[in-house]
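Each chain, letter by letter, is given below.
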Amino acid sequence: MNADKPLVPQGPELLDPVSARLVAVTLVLAYLANLLPWPDSLRWLVPDFTLMLLLYWCIHAPHRANLGLAMLLGLLADVTLGGLMGQHALTYTLAAYAALGLRRRLENFHLSGRALQLLPIFFGQQLLNLLLGLAFHLPDVDWRFLVAGVAAGLFWIPVAHLLDGLTGWTNKMHIEPADNRTSARSLLKSQSGARGPK
Amino acid sequence: MANAPMFARAMGLTTRLALYCLASLVLMVVDSRYDALTTIRSLSAAVIYPVQGFLAKPFDFLSEAGDFFTVHGKILRENRRLILESQVFASRLQGYEALKNENAQLRKLLNLSHPAGTRPMAAEIIRIQPDPFDRRIIVDKGSADGVEAGRPVVDAAGLVGQVTRVYAASSEVSLLTSKEQDAPVQDQRNGLRLIVSGTGSGDQLEVRYLDMHVDVKPGDILVTSGIDTVYPLGIPVARVLRIEPPRQTPFAKVVCEPIGEIGQHRHVLILNRADAAQASGARK
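Those protein sequences? They're chains A and B, same order as listed. Numbering of the first sequence is given in this note's numbering, commencing with residue 1 and proceeding in unit increments. Numbering of the second sequence is given in this note's numbering, commencing with residue 1001 and proceeding in unit increments.
Note that these hints are calculated values from the structure, not bench results. Keep in mind the model is a prediction, meaning the values are calculated, not measured. Ideal Cβ placement from N, Cα and C applies to all residues, glycine included. Treat the hints with care, since some could be wrong.
Ranges of calculated distance between the beta carbons of each label pair, as one might list FRET restraints [what the hints assert, rightly or not]:
1. A:R104 x B:S1042: 39 to 47 Å
2. B:A1045 x A:R103: 32 to 40 Å
3. B:F1068 x A:R103: 29 to 37 Å
Below are the SDA-like pairs computed for lysine to any residue, each with C-alpha atoms no more than 20 Å apart in a straight line [claimed, not checked]:
4. B:K1057 x A:P39
5. B:K1057 x A:T80
6. B:K1057 x A:A33
7. B:K1179 x B:E1261
8. B:K1057 x A:L32
9. B:K1057 x A:F145
10. B:K1057 x A:L35
11. B:K1057 x A:S112
12. B:K1217 x B:R1193
13. B:K1217 x B:G1191
14. B:K1057 x A:D40
15. B:K1057 x A:W38
16. B:K1179 x B:E1124
17. B:K1057 x A:G68
18. B:K1057 x A:G101
19. B:K1100 x B:F1069
20. B:K1179 x B:G1150
21. B:K1057 x A:L36
22. B:K1057 x A:L166
From chain A, some residues computed to sit far from chain B (all C-beta separations above 10 Å) [as the list claims (entries may be wrong)]:
23. L106
24. D140
25. I157
Make a model of the complete structure from these sequences and hints.
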């Protein structure tokens, strides 16, 4: 069975599934934030809000946000930011894949811990983006834009805090599998103990 | 969940990732090699640009409002700066006027035909001795430049004075108007030989001990006579202003004004001996 896409929502999503409307609205807002007229001198510092939101939903609502959505948002970003077609699509998809892979692990961390583990993803996405631009069409690359990746990692903390508040998500809601395992083990023990004398 | 499938039929995550990556790469190659995606791009731009403009509007408005409030202070600051600048320019312009005058005088000095047997040397006045009777100036040429004591000093208009002391790199010039200074002259009109003396006043010379019927008229030009071998022949010295008839003394007195523009410019010419330069050159 496919563990990455369970048939029914599991863990916290099972208790309080995130509504599709919330995901859509936050993503649109993030996209509009990217469209804001940031001053050109600060452009290299502005994090990619769409990617931040996408990764948040990949981690907390994987039944809503998946690789297809990442690809779609990437294409939208390509059209908007004027890069090569497919450039952001590729990096968004890879970032979403990495986030989905980290999902289980991240659920056990607090906010800053999650941000710290997501920071390499943001940074790598930005680096790959610049490298792709360099490889395909740009004559030269402004390496300052790597700072935007770090900024996204730092800015993810308040954004995630806000969204956690909106969805009511806490890592306390995570159902620890440890209890099940011990109970299974004790069950096994009791079975073997029962068989032993025979 | 009634319609939940019994078996997962969706593709694995990695498979989907590979598919999406492949699609993205194809898109990138197509976009960079062909112009196929230009229409998509222009269509999407037509949708996105109005949105961007709409988003930019509040910020434009805010910056405009900010401008409205900062404009007053800005104008004040600019006004202050402009006033300062205009002062700076005015002072520069003054310097320009002075330079223009000096340039004109230097040109005149250059055009001056110097008397035979002399070698003119331009010198700059570096200091003026403040003694009201003994009028002297210090110029920046000295014995190192071949200046000798006793040589006449002229400017573009006429005689200025005489070198009285020579130092290594400067020399002292006694002006014609100083009290001790005399010069043998000739009336240009009739060749009458006279001696002009300084009075200690800046703009007055006089000829003393004249016969009361002497033939000198106001407006006569007095030039050096060349008799004393100090001043070469024919340098304009003074213009006669008036003749004072004798009162308590038996002699008449002629009051004249110097022709050389004494105390007006910063440069003078020292008329060195032509053979002195040759001699010093030979010594070297």
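A quick look at each hint next to the structure:
1. A:R104 x B:S1042: 39 to 47 Å: At roughly 43 Å between Cβ atoms, S1042 of chain B and R104 of chain A fall inside 39 to 47 Å, so the hint holds.
2. B:A1045 x A:R103: 32 to 40 Å: Since A1045 of chain B and R103 of chain A have Cβ atoms about 35 Å apart, the given range 32 to 40 Å holds.
3. B:F1068 x A:R103: 29 to 37 Å: violated (51 Å)
4. B:K1057 x A:P39: holds (14 Å)
5. B:K1057 x A:T80: holds (18 Å)
6. B:K1057 x A:A33: holds (14 Å)
7. B:K1179 x B:E1261: Given that 20 Å is the threshold and the Cα spacing comes to 18 Å, the pair holds.
8. B:K1057 x A:L32: Holds. K1057 of chain B to L32 of chain A sits at ~13 Å (cutoff 20 Å).
9. B:K1057 x A:F145: Cα-Cα ~26 Å, so violated.
10. B:K1057 x A:L35: Given pair K1057 of chain B, L35 of chain A holds - Cα atoms ~12 Å apart, limit 20 Å.
11. B:K1057 x A:S112: violated (35 Å)
12. B:K1217 x B:R1193: holds (14 Å)
13. B:K1217 x B:G1191: This hinted pair holds, its Cα atoms lying about 13 Å apart.
14. B:K1057 x A:D40: holds (17 Å)
15. B:K1057 x A:W38: Roughly 12 Å separates the two Cα atoms, so the pair holds.
16. B:K1179 x B:E1124: violated (23 Å)
17. B:K1057 x A:G68: At roughly 33 Å apart (the allowed maximum being 20 Å), G68 of chain A and K1057 of chain B break the hint.
18. B:K1057 x A:G101: Between K1057 of chain B and G101 of chain A the Cα gap is close to 41 Å, so the pair fails against 20 Å, i.e. violated.
19. B:K1100 x B:F1069: violated (47 Å)
20. B:K1179 x B:G1150: holds (17 Å)
21. B:K1057 x A:L36: Distance of about 10 Å is within 20 Å: holds.
22. B:K1057 x A:L166: violated (29 Å)
23. L106: holds (16 Å)
24. D140: holds (16 Å)
25. I157: holds (25 Å)
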